[in-house]
Structure formats: C-alpha cells, structure tokens
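The sequence shown begins at 83 in the working numbering and counts up by one.
Calculated directly from the structure, the hints in this document are not laboratory data.
The reader is advised that the hints may include incorrect statements.
[Claimed, not checked] Here are the simulated lysine-lysine pairs, DSSO-like style, with alpha carbons at most 30 Å apart:
| # | residue 1 | residue 2 |
| --- | --- | --- |
| 1 | 704 | 609 |
| 2 | 149 | 119 |
| 3 | 460 | 104 |
[As the list claims (entries may be wrong)] Quick list of simulated restraints, FRET-style, between CB atoms:
| # | residue 1 | residue 2 | range |
| --- | --- | --- | --- |
| 4 | 490 | 733 | 55 to 61 Å |
| 5 | 443 | 553 | 53 to 59 Å |
| 6 | 414 | 499 | 40 to 46 Å |
| 7 | 801 | 299 | 44 to 50 Å |
| 8 | 244 | 652 | 53 to 59 Å |
The beta carbon of each residue, even a glycine, is placed where N, CA and C say it ideally should be.
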Amino acid sequence: MLRSTIVVLATIFFLSFTSAQKPKTPSSSEIYESLQKLNFLGSVLYVAAHPDDENTRLISYFSNHIKARTGYLSLTRGDGGQNLIGPELRELLGVIRTQELLAARRIDGGEQFFTRANDFGYSKHPDETLSIWDKDEVLSDVVRTIRLFKPDIIINRFDHRTPGATHGHHTSSAILSMEAFNLCNDPSAFPETAIDHGIWQPKRLFFNTGWWFYGSRENFEKADKSNMLSLDIGVYYPLKGMSNNEVAALASSQHLCQGFGRLLQRGSQDEYIEFLEGEALSDDKDIFAGIDTSWNRIKGGKAIGQILYEIEKNFNFINPAVHIPQLLKAYQLVQQIQDEHWKILKLKELKRIIEMCAGLYIEASAESNWATPGEFIKLNLEVLNRSDLPVQLLSIRSSNGIAVAKDMPLEENTKYVFSEPLKIEVNQNPTTPYWLMEKGSLGMYKVTEQSLIGIPETPRVFTVDFNLLFDKVPITITKPVVYRFSRPDKGELYRPFEIIPEVSAKITEKVIIFENDRQRDISVVVKAGRDLLEGYVEICHPDNWNVYPEKQKISIVNKGEEQTLTFTVVPPDSQSEGYLSPMVHINDKVHTKELIEIDYAHIPFQTVLLPSESKVVRLDIKKKGENIAYIQGAGDVVPESLKQIGYQVRTMDPEEITPETLSLFDAVVVGIRAYNTVESLQYKQQQLFDFVAEGGNMIVQYNTSYGLNSKELAPYDLKISRDRVTNENAEVRFLAPEHELLNYPNKITENDFQGWAQERGLYFPDEWSEEFTPVLSMNDPGETPKDGSLLVAKYGKGYYIYTGLSFFREFPEGVSGAYRLFANMLSIGKDKVELEAKIND
C-alpha cells in the first residue's frame, strides 16, 4: 500500500511544477485551451541529452496545436557546460539549467523529465559516454519515464545511426531511447518499474531530422522523404496572439545561462520527423493514426466526452463559471473510471479547470522563505471566490496533519484571510535538490529514494489542502507553501518555502592559494537558521597544515544573521594541497553544510545545501609583473584566481580601453568567449594590439568557432576550429621544450598536467600564421595530435598568447599546474637576464 501511494504521489508530481512563481491568473482563452487539452487523450515524449537540446518548436506544436500531453526527457541536467550569466559551474549549474528547462516548459506547455545521468563534459563517442554513465541504470530511467508517462509517440532529437558524428551524449540519448522503445512492454525488463507503473508500448518512434543532419539544405532537398512527416510549426494561435514558433522562441530563450536569448520567429516553417520503429505510417501520414485520442479511448469515457465536448463547443468566454455544474458532473464520472493512469491525469486537469472557471484565488504564504526543524512558522491563508457559484470552504489541512474546520460559504469576490501556525518537526530534513543529497560518481547521480528518480525537482515538503464543496461535490485543492513579499523596486515577488539547518557555515574563498609558506587569515561565515544560536566552530584540515585558534565561539541572536570568524592558516614549507572544512558544534550536533542561494530573475530562487569545504594549495610558484587588466567574457573566476597568487587585477569594461588606461598594466587577459558575448570588444582590437606592440602581454582564452563578433582575434592570422581534448588525463607533449613559456619563471613538467578537471581544453585553433609558436600537443585516444591549445607570438615589444586550455575549469578546482603555467604566460618577456641564466643552468 505504501509503495502504491508513493507511486501515485510521484505521478501527480510529474503533472505540475512546484517552484514558487507568481501565480498565473488565467484568461478565458487559457481556460478554453485547457479544456481543449482535457479533451485530447494522446501523448508525445521528446528525448535528448541536455537542457537546450529540445526542439521547443515541436514541443509547443504538439502541446498547443495538437493539444497532446507533451514531455521532454533530458537525460542530463547540463552540469558539464559553461555559464554565461554567473559563476556557477557543475552541480550548481545543473540546478540553474533544471530551472531554465522548467521555465521553458511553463511557456511551451510541456512537462519535464530527467534520468540520473551526470553531464560529465563533452564526449566524442557514445561508447565513451555509456562507459562513464552506468548504461543499465540510465536505460532503466528511460524505461521508467516511458512507463510512467505512457507516450503514444516518442521523438528522438538525435540519430542513433551516426556514432561519433556529434556529442557522445547526443547519440547515446537516441541509442537508449531505441532500446527502451523495445523493452518498456517487457515485464521482465526492469521489473520494479513494471510493478510500479505497469508495462507500456508506444505506437511509433521517430527521429527529428533536418537539413543539418544531411550537411546542407541542398542535400536534404534531394533526400528521400517517403518515410518522413512534415509539420508546419509556424501555425498561428489567435487565442494566444502568437504563432507557434514565437511561443517556441520564448521558451528556448529561457536557457539564458547558455546564451539562448533570441529574436522571435514567425511564419510558415517545416519540421521533419523520420519514422523509425513501431506501427507503419498510414497513407495520410497521420502521426496518431490508429490511436483513439478521444474520450472513447477509455472504458466509461463516452459519457464524459459527451459532457466535455459540448462545453468546448459552446464555451462561454464571458462567464466561464456557467460551465461548472457540467464540469462537476464530468468530474464525478472520471472518479469512477478504472484506468488509474487517465483517472489521475484527467481529475487533476478537471480540478484545475473548475478552479479557473470559478476565478478561485487560493494561496498559502509563510511569513519567511525558510524555517528550521522544530520551529513554528505562521501561515497566511487566502481564499477568494470570484464567481457567483455557491462554493463552501469545509476545512483546511496542512501536510503535517493539522486540520482546521471552517464550514463557511465563500461569498462572491469576498476575500477570506486566515492565519494558522505550521510546526516543522524536529526530525524534518532540510530541503535541497534531491539528486545532490548523496555523493555520486563521475557519470551518475545517486538517488536512494526510487520514487524521486526522473522528477525535475524535489517535491515541496509542506502543502496545504483546501477542502471545498462545489454544489455538493467535494473537491480538494492543494497549494504548496510559498513566501510572498514585495520590494519597492520590483513589486510583488514569490520564493519557495524551504527548510534549512539551524546553522550553516562557509569559508568565503572556495580555493585558497598560498604562493609561499606565509600564513594567511581566512574568514568563516556562520549563518543562523534560528534565534539564540550558541556553539563553537573548528576547522578540519590536512595533517601537515595548521589552523589557529583551534576553536572559536559563536553567539547569534536572530535567525538569518551572520557572524564572521577569522582563522589563521599556516601552510607547509613545500608544495601541498588538501581541504579545509568548517565544523559548527551546536549542543550535541555537528553541522558541516554550506547554504548556497541562487538568485536570477528568470527562474525561481534556489536554495542548495552542499558539503562546506575549500581547497587549500601550497604552490611552488614564481611570477613576474603585477598589474593585470581583465576583460570579462561569459563569466569565470579567473580574476579572483589571479588575485590569489598575488596579482593586482582590475576587471575592465571594453569602453574603458584606451592607450592611457592600458599603459597602467603589465598584461591584459581576455575572459572566456569574450569575442562571442561582448560585441563592443571588436572595436577595441587595434588598441589592444598596440598595447602588445608597446611591450604588454595579451592572453586570449577560448572562444567558440561560431558567433564571433570579431574577425581579427589576433594581430596575425588565426583560425579557431572545433578541436578539443575531452580526456582530462590525455598525454601532453612539449613541442617547444626550450620556450620561455615552459621555463620561466616556473619550470613546467608533465606533473603540472596532473589532476586536471573535466577536459584539457576546447575550440583550439587549427590554422595559424608562422609568427605563432605552438607550445603543446595533445589528443584524445585514436585521434590525430592537436597542436593549437597554446600559441604564442612576439608582436612588437610584447607577446600575444591564444589558449584553449580550460583554465576557467582548473582554477576553481585548485589545479596547481594550471596556476604555474598561467603565471608563466603573464610573466613572458619580463626578465630576459634571469631567464637566460635559468636556461643555462
């Protein structure tokens, strides 16, 4: 009984997103569209690998034009990519991209699913991908999603027949989808999910093809399309005042951390899907041929359909509430059907439509956006019936079992506000993304609670049931507890209501570099989750490091306040690295988590709990030059990292670039993808080149080969390719072992390339003029050498360096060799006498 209850709860969670967004007040047009979807009993599942892989044009087309229930299964959360809007990488980037997907689905009308696969970075072949992922576990997750969602149609974004032609994750998503299509109806395949959700066989499987898979539009025009369907995704929706491709562009523009903000598109536009598996297409090439998508699909559905089709046919846009009596009849009939899948889905849809038709506004808002275990929090409950239909509020019940009887009529357009206490149990676990609760592997997240696998975010811990009576028909409307507040400069805002620990702590710097054996003070910030917090803090540290004092007391009066403590860290004499972890002792408990808050306007406020630790590195490093100008690109922590090793770094806006300002610096460093994201930089190139000619150093980090804002990245010819080395342990060969970059002021050896994270580098140049000297060579297994990862050229009195090495990933990981090599790049040409002596020795 418990298992079936959990399965039903998971199913319900799949149907709605619980993130705290400002409640949408639906128009009559939106109610009518919901009614149309209610009357369509068919579903489509789109399958790909990452956030942004999904074709929002097709998702919106099936959801808004066909009116099918439409989902997107992204095998990963995009943790391995870059972040164009902030410093978050890896797990935190995955949290952002998860929320961006949910934001996109709120626009295009789809639903969102995931597997436990971790986006470990770029992969060149599905064999590599599936060896790092646990193939069986990811396949079981795909099968689980299909059995739960029960799609009639599956559409793959990528081609399973072309391994090596694109990202290995891409091809793997198609391979796994093909295998799952043929396994999900087999009860012996992953039997646990077969017990939980039943077996299922989709009708057809397609591949979302297009000219880009054929190399050119000309090739695609010549291709045999007899096995393809063409869909015009430019259809116009008068009820929305937008076309489908406009809706799709708005949805895909939610992927802001990937730079997907784009212009809206309009007009007729064809999308193609190629038939792969299942029942053959009919002559009219109807994607749903042979599938009854009417209410007749389910036993007892005919009578329901007769009621609901009549409402749709004669919908009253002026006063939708007139349809509530008939909707209630349909609601009661749906409760009687035996098919649990359709029963759960359609009851939820009907309940929402009745709520919208009545103009009901129901909200449960806490007095704060977070609370701690053992605390009482006040809830403000608001109920408003904006129709003339008799509605009675019977009772209110919170998810922790507290029920309050009301038994009162809700008069038309009269607001009722109640205040009720909510107790947070002492043993209540804090809320955080469920896939981050336990440490996973390089390729997989670990999720112990099986019912959570695949859902987009952690279910809300606290909800409130509003038990209502509509003309003698009882209906319970459940709302998550949120936090509603306002700011003078932004107006009304909403945040999720979270449970946090009574205390959290963090060291302000995630990587602390010691360039010598001098001690350094570090700051530990302790944040109180409750009032009257008393305890002490100690720092867990490596054996050959010392931290003073051993303990420090904390005393914080009010919850939400912080106390900053200063500890002195003494590094060892020689190169070493390890981790510092603050441990906060409160009574008999030890707290070791850091509370991380992610706040961007386009997604809900996110609270993440992760182990609190900072890497400490005692470097054997030397450097020349002091003052560095940094031109920010897509966002990284390189400036902060350079400050760690003693450089004076000033982040400079391109508008500030003048010969006078540049003369103040020894070197200029250009951030990652700056020539892709900073349009004005192209107008400052000559001044930067002049700076080099006068004796300065210029270091340009990687840019993508597409979307460049400048054709002249360097003072000499240089062409960026898509070459990359994804194996972070790939052999590094020295092409110019006597070159200054490998010898001064630090002697670079093979040891400096140990411990690199995720990759060696990306988007290396593959063509350059003879003025450049390639310094390093590397390649992934089975590939030709890539010699463009680090190029240096003398220009006038200074040096220009282009590098695709992933310093932006290595610095946050405290990779000592990356710091030593970058110091050499900044120091080049600064002291020829010392260099010559070093080489002669």
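Checked hints:
no.: 1; hint: 704 to 609; result: violated, 37 Å
no.: 2; hint: 149 to 119; result: holds, 5 Å
no.: 3; hint: 460 to 104; result: holds, 20 Å
no.: 4; hint: 490 to 733: 55 to 61 Å; result: holds, 59 Å
no.: 5; hint: 443 to 553: 53 to 59 Å; result: violated, 20 Å
no.: 6; hint: 414 to 499: 40 to 46 Å; result: violated, 31 Å
no.: 7; hint: 801 to 299: 44 to 50 Å; result: violated, 24 Å
no.: 8; hint: 244 to 652: 53 to 59 Å; result: holds, 56 Å
Of the numbered hints listed earlier, those contradicted by the structure are 1, 5, 6 and 7.
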